[in-house]
Structures are given as structure tokens and as C-alpha cells.
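Start from the sequences, fold in the hints, and give me the full structure.
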Amino acid sequence: MNAPQKVGIGTPLSRVDGVAKVTGTAKYAAEYRVPDMLYGVTVVSAIAKGRIVTLNEEAARAVPGVIDIISHLNRPKHAWFNRSWKDELKIPGEPFKAFHDDRIQFAAQPIAVVVAKTFEAARFAATLVDVKYETEPHNIDFETSLAEKFMPGVGHRRNTYHPPKDHGDAERAFGEAPLQHAAEYHLAVEHQMQMEMHASTVHWHGDGTVTIYDKVQGSQTSKELVASAFGLGEKNVRVVNAFVGGGFGGALRPQWQLHVATMAAIHLQRSVRVVMTRSQMFSHAHRPECTYQIRLGAAADGKLVAVLGDATTSTSRFESNMEDIVTWGMMNYACSNIQGSYAIAPRDTYTSADMRAPGAATGMTLFEIAIDELAYKAGADPLAFRLLNYSDIDNMNRKPFTSKALREACHEGAERFGWAKRSPEPRSMKEGRELIGWGVATGLWEANFMKTSASAKLSADGHLEVASAASDIGTGTYTVMVQVAADTLGLLPESITARLGDSDLPTAPVEGGSWGAASTGAAVQLACQTIAKKLLKAAGGVEGRPFHDVSSIDELEFAGGYMIRRGDPTRRVGLLDAMRAGGLDVIEAQETASPGIGGMISLATKARNTHSAVFVEARVDEELDQVRITRVVIAVAAGRIINPKTARSQILGGVVMGIGMALHEETAPDKTLGKWINHSFGEYHVPAHADIEDIEVIFVDEPDPEVTPLGVKGLGEIGIVSVAAAVVNAIYHATGKRVRSLPVTVDKLLAV
Amino acid sequence: MIRFDYTRPGDIDAAIRSGTPVDAAYLAGGTNLVDLMKENVARPLKVVDINRLPLTGITELGDGGLRLGALVTNSQTAYNEQVQRRYPVVASAILAGASPQLRNAATNGGNINQRTRCYYFYDTDTPCNKRQPGQGCGAIGGFTRIHAILGASEQCIATHPSDLCVALAALEAKVQVTGPDGDREIAFAEYHRLPGDEPWADNTLRPGELVTAIDLPPKGFATNYTYLKLRDRRSYAFALVSIAVGLRLEEGKIAEARIAMGGVAHKPWRRREAEELLVEREPGHASFDEAARALLAGAVGQGANDFKIELGRRGIIRALAQAAAGTPQSQTDKRIA
Ligand SMILES: Cc1cc2nc3c(=O)[nH]c(=O)nc-3n(C[C@H](O)[C@H](O)[C@H](O)COP(=O)(O)OP(=O)(O)OC[C@H]3O[C@@H](n4cnc5c(N)ncnc54)[C@H](O)[C@@H]3O)c2cc1C
Ligand code: SF4
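Residue numbers (the numbering used here), protein chains in the order written: chain A, 1 to 752; chain B, 1001 to 1337.
Simulated from the structure, these hints should not be mistaken for laboratory data.
Hints are supplied without guarantee of correctness; some may be wrong.
Unchecked claim - To be clear about the criterion: a stretch of chain A counts as covered by chain B if any three or more of its residues have a C-beta under 8 angstroms from a C-beta of chain B, and this derived list gives those stretches:
{"id": "1", "stretch": "112-126"}
{"id": "2", "stretch": "536-546"}
{"id": "3", "stretch": "624-638"}
{"id": "4", "stretch": "688-698"}
Backbone N, C-alpha and C define an ideal beta-carbon position, used for all residues, glycine too.
Rendered as C-alpha cells:
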């Protein structure tokens, strides 16, 4: 007798929520219908900085259907102390509190909400609110803000920030290096621009409790904020985010629409919905602008002898957002003289925020352009140059990796791409009017693990439910939970339901940092293992006692609805037979996955990262400088792959976003008005289908039992890192034009 | 969005009666008007839905031309057999724009009357002379990537965003209108206007006038033509610069040339002098470059759009080469030929 086939970790299972999504039954925050709900439309500030002098509401209030207008003048009480504005990803400073007072700190700041019986009435009335301001001088120009750049002191830094660690004497080594490269690189502001607009539907139950359907990357972070900042109390608030139409970091922190909707609901003691407009989506989170001065020195043989980086990113005047920019280059290559500095520059915008692979997507990408430039100076093949300077350890922290299969990724990617056929000279490949270039870059990101809880419940009808307050921001968390449960208990995916996106479920962190699959997966596995243990115990009552000598579930295989004695497939017990024998109607378990002692030691002594090698073919019209990205091969080393299908989708999405970063995405400031000016999807460009051609994803074998309990490293972010560098490098190889400022729009190519 | 009255008249006279007050607006496909109403930029108190009017046909004209009804959709026009065969530059220009869904809804009358995509025009929290006469122009001195390099004024530097209109300008189409004072025919070159001191007026339609049709003249330049659109991504973006070309070649020489540009001015940009420079010449880089420079003569950038001058020059040369070679730009394979 063979063990039955099982669906589990490694199976390319289609998304379990796919049908719900494409048929529209998956509900998003703005789609819940609650009884007697009112509609709020937010009025935003027309100026960038100053004070509200008067808010004339007369005309707006006269619109039939309008119930009330709430602003700083009449809002319900909210917490005075900053610490009460809870936020899992708190940024040092003074958190933005909608309607707090008459101060305007950034353009399109929410200043009032018109609440009406219909959305149409609210929207019309919102246009009639007449606001008079007293303006103050503002600055949103990054260049200008650099004059005020600073490094927050210890205690005022983001807890996610890793200061660069210098080694050797980089200045001197650079000065003496036979090969030198120094240049300044720049990344424009990008907005996360998820498809789903930020929305909060507050269901006011009337008994002191509320249920809030919120667009956020973590239901419990919104719950804590609302419970504490608006005094509703932990036990009275439930937040649901069962489906999230994209996050990309833009919804890691609860957004202002949650403040506005909650205040309106409290003020009116009624259910209220507030949805941002697409244009208002540009009023908050965005990837910081960055300027990065890179100096690289190499010996005559091409070996790096000095790496120096000085970077500044943008933040607001009220919070100090910080990213790791210069560390990636210091970590990635073998080099004994490294030095980095970092500062932030405040300006009169909303605080910049994490966006897919925050820090690395900027810092690693820009660094990989500089490395390419040095490779040309060394007369080396850019891939060979990277391998020549390969580091087996984290070069900055001087720690070994739990695993690093970047070399394999480089080789497998190059092989698939046909890199060996590359002609080394720039402008040496051409077809028709198009110059062809091949570029490469390597990517680096973190493999994180966060304490996460999950529950599991097996019923006598064979149905298993697993649950955690995790979120699925399109990343496939539902599917991962089902798969891990199927794997652990040997059940079919059809008999498993995953629940998430509800603050009442077992505690989980916000979804971000690519820790979701590893952490939620581990928690689900633990909960299912506890169920397995209970089943083993119950199996003691089965006739013939086939497991009389089995003391641990490690001696069992779970497959096809059976527990099977390893090594002796004839000794097996059906899970439901075990339950019956044990007289159990239902088995429940709740467990928390955390690093544990072994994990803590490993965390302290080893670096844990995902790696990638990206190969890009660019074709550039010789006269018109129109760029096409015709081929991308990306080889990813990310430990164990739970689901090759959803994993591939994550990487594809990352690559598309990377192409957008390279060629399209840019939020443009109007410096006079102090606002982002291209605030619509018509003029803020992300790639269209026509911009995307062949993308091939390879997962490199990288067994790593140490990195996380499942050996999983997470894939949500590595796909974007350095893609833009490979594009820029390919464009250089095609045209001989080096653009150091992203995105590479046609005007920049024309100017070279 | 403002509150408005809505009517859907069944005949043209009734439509004109409803559409004549200054606070009325005709609604066709709605892909532009409704957007602008949602942004609170367009604030008509009376919306006159013209979709029941009998303006939906494509018919042959006595002079050998083709009449495109104002309510024929952009898709119907682009895929019409006669248009494809005789006026491929029109089909090509339409297919270079927007998305299939939008083109299915957008009408020919609406397309030529669509308003600028100037960021400031769309944002009621910024000054704009076109939206609110006398407010000043937010774009001047601001972010001008999509703005005009030709024919701009100190009041307004907006561009007309239509692709279709560039082809219509090259073909010298005529716009048929009817209104409170009866019918008129407007030459395409006279239809749109430069901003001058009255930037609020995009075109020369008088109050209440309704476009009923667009007439394509007999000459379609169906052999040597192209529509080349250069933009910030390869689909679903307005032109930074676009060029419609029609050539008539005789014995290896250019007998007649038409060149119109989009994305550079408040109206499709044409200059007869530039076209005449090509007549009697052999197609080639030198003559194309001369024509390009003549068409762009006097172009001035506003900073962020300076690049359009050089991009425009190169684009014109390429478009002329495509047309002369009989290898027009494909709008499905987005690779530039
Ligand atoms: C996202 C997006 C992308 C786009 N991209 C492109 C592009 O790349 N290239 C391009 O060319 N266009 C593009 N467009 C614009 C599109 O072509 C226009 O919106 C469309 O052609 C307008 O036609 P409509 O019938 O929907 O007009 P409506 O929105 O109904 O009307 C537009 C204007 O014309 C007036 N009008 C309509 N019909 C008549 C008539 N018969 N007589 C007098 N006045 C009339 C209306 O009063 C209104 O002022 C895009 C639009 C969108 C929303
Ligand atoms: S360019 Fe014209 S449309 Fe744009 S802001 Fe100036 S006046 Fe308004």
C-alpha cells in the first residue's frame, strides 16, 4: 500500500479565493451594505500650508439630504497624546490626526467631511464648502529641502531602520583605487496606487460597539488605533479587511479615511462610509524621493576596494520616515572598506511611507546601476564583475547567511537568458531601427519572520477551518493557509476553509515585509500539528490500536484523510475514525509561531535574505528613444516555495512594478502650489499591457531549514528589487546612454 | 459633481432649443464630459443627452467623400470598411488613442470636442484661465510636460489631446454643424482655435451649435500615410507628440504632402509652407528634416516640455519616412517601425 497523493507545500494550487474575486462576491471595504448608512465625502485642503480661517458651510448644509458637516470645529473628542494614536508601523514624530485643529500641513489634507443620505448629495455639497485660508510659505521641492536634511537622534529613529556600519578606511581606499566611479543617482516620488481606493465603512451597532470594514494591511492595527484614539475601547471595536485590493505598503498604516469615517460615525451615532477619490489617494503615502551619491573603487583586476554611499530620502515635517538605502550595497559585495551615511529631508507633504521593498527597491536598485558603470570601467562583463565581487557573507554585518543561492541564480538566469551570446560593447547590437541592449542586476531583500497566531478547527464532517487575523493583500495568504493546513493534516484543499482579515481572529501582524507566508504559514502549521497530536491521542481508542507504539506525530504521515505509520503504510487510521473513537465532535487548537530560542540565536548570528538575478533585454529606437522591454528573466533564491503558481505571480507583479519604476512612475510636484500635480491615473503612468512582454521567472533551489520554521523566505518584494537597474543597464548597453535618474523618460534619453 | 437637469430630446430642433442656454451641455458618449463633471470642472445645469438623435450613420457623399455621423462611435469609425480602405490614417489615429472600452463609448462629435488634459484644468484647487476666466494660468511656471510648444499664449499653454483630430486636420475634413442660426460647414483648420486672449474657448462653435457630422474629402492618402504617436507608455497615454502624414507620390517624387501634429498646440498643428517644401522633392532625410524644421519653426518650450521640440522634429522625419515607404505605423504591434 502506498501513501496517498497529497496536495500541500509545493503544489501549484490556484488561488482558493480566485472565483470569489472574479465573480465579485469577494467584498472590499467600500462594498459592505450596512443598514441606514450615511455617505461621507471628504473636503480636502486647497493649500499646502497654513491655517483654516473660516469654513463656510451654509450652501453645503442647504443641499437636500445633507445631514451634517464635521470638521475640526465640531469633531468628537480624539486623543491628545500621540502615543494614543496606535500604529504598528508608527513613525517617530507627530502622527497626522485628521480634523485635529485648523492647521494645514500638506496639500489635499482632509479638513471636513460632508455626510449625507446619498453619496451624490454628499459629493455635491462637498463642492460647496467654502474655505478661507491663511497661507504660510511651503516647500515641497526636494532639492530645496536638502538644505534642511538631518539624521534623527537615537530614540527618534524608526525601529525598522538599520544604521550603516562602516569598515576599514573607505575614503582612502577610494582615493587610491586605480578604478573609480562616482556619480549621483535619483529616484522620483512614486505613489503605491493600489486599485482599491482607501475606504472605511463604519457599522454603528448602537450598543457602543462598531464593526469597521477598512482598507488596511492589518485589521488589528486599525482596531487598536480606533479603540484608543477615539476612546471606543478594545472590546467594542471589530475591524474586518477580508479582502484588500492591493496594498504595496500604502495601507500598512491606517489611513485618514478611517479617522474621518470613525469621527463622523461617533458624532452622528450612525453608520457612515468614507471612500477616498483616486485623486485623494495621492494625498498620503508615497515612496520617498531619494538622492544617492555613490563612490566605488576597484583594484585593476576589478575587485572592489571601496564602497561609499551617501543618501537622503524625503519625509514630512511632522514625522521622520526613514529607510535603509545605503546598507544594501555595503552588504551585497565583498569589500573591506565600506562607508555609508544617511539623512532625511523634511518638506511640506504627507509623510513618505513604505512601498514594496522599501529602501531596497530604491537603494539596491540605484546601487546596481553604479556597479554596472564600474564594471564597464573595468572592462568586465557586468555579470562576471558581480560574481568576481561575490560575497558569501553579509559584508556589512559580517554574518553568514542562513542561505544564499545568488550564484546559482546568476548562472541559471544567465543560461536561460542566453547571456553568453551578449556582445560586450554598448551600441553593438541592432535590429532594424532598434538598438538592442542586455542588462543585468542582482536583488537583495529581507527574509523576515513575525510572531503570528493561528487557530484550527476540525469538525466531525471532515471540514477544517484555519484562521488568523492576517491579511491577504492579493499576495495569496488564503491559499498559503489552505496549503499548509492540507500539507500538515493530509486533507484536500476543498475540505479546508481559511479565514483571515478580521481583528477578532488570532493575533497577526500587518501584512508587509514579505513575512506573511513564512509567519502565517508557520502558525497554521503549529495549530494543525496540535490538532494532529489530539488526533493521535484519540486514535488510541481505535480498534486494534494500530498506533500503540507511536509516541509522536513525527512518526506519522498525514495524507488522503489518514494518519499513516511512517515506514508501514498498512498501519493507518482515518482522521474522522480517530475522532469517532475518541468521542470528539470537533477538535480545536490555537498556536503562536515565534522564533523560539534557536531562532533567536540564529537571528543574532546569521543574516537572512532573499536574492535575485534579473536579466533584461531593452530595445530602443535609435532616433526616437522609445524604449521597449522585450524580455526579462528573473531568477529568485527565496528558500522553499509553498506555491509555485502564486509565487510566480508575485514575482511577475514585482517585475512589472520594477519596469514601471524604470520607465513610467513619477509623481510630479508643482512647487508653486506645493502639491502633486499629476494626481490621476490618466497622468500618473504605470505600465500598460503593451509595455510588458516576455517575463520568465525561475526559482532556484535553496533549502534553508534555519531561516523560518517552514524554510520559507517570502516573495512579495524581492521581485521588484533591482529590476529598474537591469532596465537602465540594458538601455545603456543598447544606446551608450547612461541615465541616473529614475524613471527613464524619453526627455532624459533625448538629453544624453 | 453639480446637480443638473437631464433631457434626452428625440429630434435635432428640440436638442438645439435645450442646448442653447450657456449653462447647457450636450452629452454624447460621456467619456469626457462626465469625467469633468465628477471633477467639478464642468458644471452644466442642463445636460442634453443627444444619443437619440439621428446622427449615427457613415454615408457616402456626392463629391466622393465620406460623412461620419457625430454619434458614430470611435470604434465603429475605425473598423468601418470604407474608413479602413479609403482613410486608413483616420482609423489609425483613432486606434492609437484611449482604450477599446473608451473607444466603444466615445463618439466622433465628442472626440473633436474633448477638452484639454492640462493637470491644472482638471484640478479646481489650482488657477486656470480656461476653467475660470481671469484666474491666471497655473501651468505657466509649473509642471509643463504635456503642454504646448507652438501657438500658446500668455493666458494658456494647453494642448488639444485628440488623436483623431490630427488625422482630420491632415485630411482637411469639414465639420458640419447646426444651431439656432441654421447649418454651417467649418473647415477643420478653422474648427479649433489658439488660446489667445480667450483661452476658455477651445473651438469656434457658437452657443447651442451641435456637430452633426464630419465630412472626409475625396482624397484619403490611403497609400502613403501614417499616424505616429509618441507617448510616455506604449498604450493608453495621450500623445507627447503625434504626427499624421499623407503623401501623394508621383514617379518617385512627392506631389502633395500633408503633415499635422498633435500634442504640441491648442489645435492640430499644420503649416502649408512646411508641406510645400516637400513638393517636387524626392523623399529623403534632408527634405524631411527641412519640412520638420519648418513645421516647428518658432516652437518654444516651457521647461519640462522643451524636449518636445527635438522629439517632434525626429518624429516628423520618421513619420514622413513611414508614409513615403508605404509602411505606416501599426497600432496593434506597438513597435515603432
Ligand atoms: C482615460 C482616457 C484616456 C483617453 N485617451 C485618449 C487618447 O489617447 N487619445 C484621444 O484622442 N482621446 C483619448 N481620450 C478621450 C476620448 O477620446 C474622449 O473622451 C472621447 O472621444 C469623447 O467622446 P464622447 O462621445 O464620450 O464625448 P462626451 O464626453 O459626451 O462629450 C465631450 C464634449 O463634447 C461635447 N459634444 C459631444 N458631442 C457633441 C456634438 N455632437 N456637438 C457638439 N458638442 C458635442 C460635449 O458637450 C462635451 O463638451 C481618453 C479618455 C479617457 C477617459
Ligand atoms: S494651460 Fe490653459 S488649461 Fe492649463 S492651467 Fe493654463 S489656462 Fe488652464
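Hints, one by one, checked against the model:
no.: 1; hint: 112-126; verdict: holds (count 3)
no.: 2; hint: 536-546; verdict: violated (count 0)
no.: 3; hint: 624-638; verdict: holds (count 4)
no.: 4; hint: 688-698; verdict: holds (count 4)
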